[in-house]
Amino acid sequence: MNWNEYENNYIRLAKLSGKSDEYCIKQLEYAKHLFEQDLPVIYTQEHLCRLVGYATEYVYAISNSASCFYRTFSIKKKNGKERIINEPLPSLKEIQDWILKEILERINISPYAKAYVKGRSIKDNARFHKRQNKVLTMDLKDFFPSITFGRVLNVFRKVGYRENVAVMLANLCCLHNELPQGAPTSPALSNIIVSGLDYKIAEFLKGKEIRYTRYADDLTFSGDFIEGDIIKSIERIVCRQGFKINHSKTRIRKRNQRQEVTGVVVNEKLQVNRELRRRIRSDAYYIEKYGFYSHVDYTSQNRSNYLYYLIGIASYSLFINPYDDKMREYLEIFKKELARCKQEGVDVCSP
0 MNWNEYENNY
10 IRLAKLSGKS
20 DEYCIKQLEY
30 AKHLFEQDLP
40 VIYTQEHLCR
50 LVGYATEYVY
60 AISNSASCFY
70 RTFSIKKKNG
80 KERIINEPLP
90 SLKEIQDWIL
100 KEILERINIS
110 PYAKAYVKGR
120 SIKDNARFHK
130 RQNKVLTMDL
140 KDFFPSITFG
150 RVLNVFRKVG
160 YRENVAVMLA
170 NLCCLHNELP
180 QGAPTSPALS
190 NIIVSGLDYK
200 IAEFLKGKEI
210 RYTRYADDLT
220 FSGDFIEGDI
230 IKSIERIVCR
240 QGFKINHSKT
250 RIRKRNQRQE
260 VTGVVVNEKL
270 QVNRELRRRI
280 RSDAYYIEKY
290 GFYSHVDYTS
300 QNRSNYLYYL
310 IGIASYSLFI
320 NPYDDKMREY
330 LEIFKKELAR
340 CKQEGVDVCS
350 P
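Be aware that the sequence shown starts at 0, since it is given in numbering that gives the first Met the number 0, and climbs by one per residue.
Please keep in mind that the hints were generated in silico from the structure rather than gathered at the bench. Just so it is clear, CB atoms sit at the ideal spot from N, CA and C, and this is done for glycine as well. Possibly wrong hints are sitting among the right ones.
[To be verified] Distance ranges between label pairs, derived from CB positions:
1. R254 / K341: 45 to 55 Å
2. H246 / A54: 43 to 53 Å
3. K341 / N255: 40 to 50 Å
My request is simple: use the sequences and hints to build the entire structure.
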C-alpha cells in the first residue's frame, strides 16, 4: 500500500466515525512520518495493544509492573562470576518479538556494529582486523544495565512516536529502569543506542589508519597507533556518551603476540585459539581410540550432551576457518561416533 491509498482509506473511515477535517489532518501528519520510515503507525496505547494482539488491560499490566512478567536466573561466566538473566514470560516475549520485528529491526544502526545484526557475525568482526600491527580491545562496563529507560524512550521518540506510545513501548522493553539481559528486544535496542558512540569514535579516527568495529560491548581497534593516546581518547568519548570502560579487559597485542578478536585469532588467518584446537584434537583422538563412554568416564567429563557440544565446537571452528582440513577430520570422528551410539541405542545425553 502506498501513502495515497493509506491516506484515502484513513479519511474514508474517519469520516464514517464523524471525525473532522482538522482531526484527520493532524493524525495523518503524524502517520506520514512513520509510514515513510516503513514503521507501523501507532496512534494510541490502545491501538498498540490491538496491534500486539493482547487485551488492553493485560498490556497495561505489563507496562506498569514489568517485574511480574519475568523469570530471573543466573548462569556462570568464564571468569567464575555469575550473569543474571531476566527472561520474559511467553506473553511478554511475544509482544517484544513484535516490537523487534515491526519496529527495531527497521531502524538503521551503524556499520561498525557486528553483533545482533542479520548478515553480520563474529567472523565479520574478526576478519576486519586480520594481519594488523597492533590490535587493541576494550570493553564497555555493565553494558545492558547502563542503557536506561530514558535512552530507550528516546529511541521511540526520535523515530516519531507520540509520547504516550513511546512510553508504553519503552516500558515493554525495560525492567527496573534498564535493558534486561534475556529480552529479545535488548540486543537490537543496544545497537541502536550505541550507534551514537560508534559514529563519535569513527569521527575521532577519521584520517588515522585505525580500523574500528564493535561486537556488542567489545570495542576493537587495529592498525598503527600509540596505544596510550588512543586508549585515553576513546575513554573520554565513551564517558561523554554515558558509558564506562572496563579497564580490567583492555588488551593490546602486537604482531609478534597472539592477537585475538572476540575469541578468534587474527594474526595471519582466522582461527580459533590453540588451546581449543588442542582440546578438540585430544577429544577426537581418544574418542576414536576408546569410544565416547570410555573417554568421558576416564576424563570425568559430564557426558550430558557432550558429544553434541564437540560437534558444535568443531562446526564453529570450521565456520571461522573452512579450510581447516584437520578440524574437518575431527568433526567427522564426532559425527561417526554419534551415529554409532545411536545405532547401538546408547544415550549420549544422559548425565
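Taking the earlier hints as the rules, which of them does this structure contradict? The structure conflicts with no hint, since it agrees with every one listed earlier.
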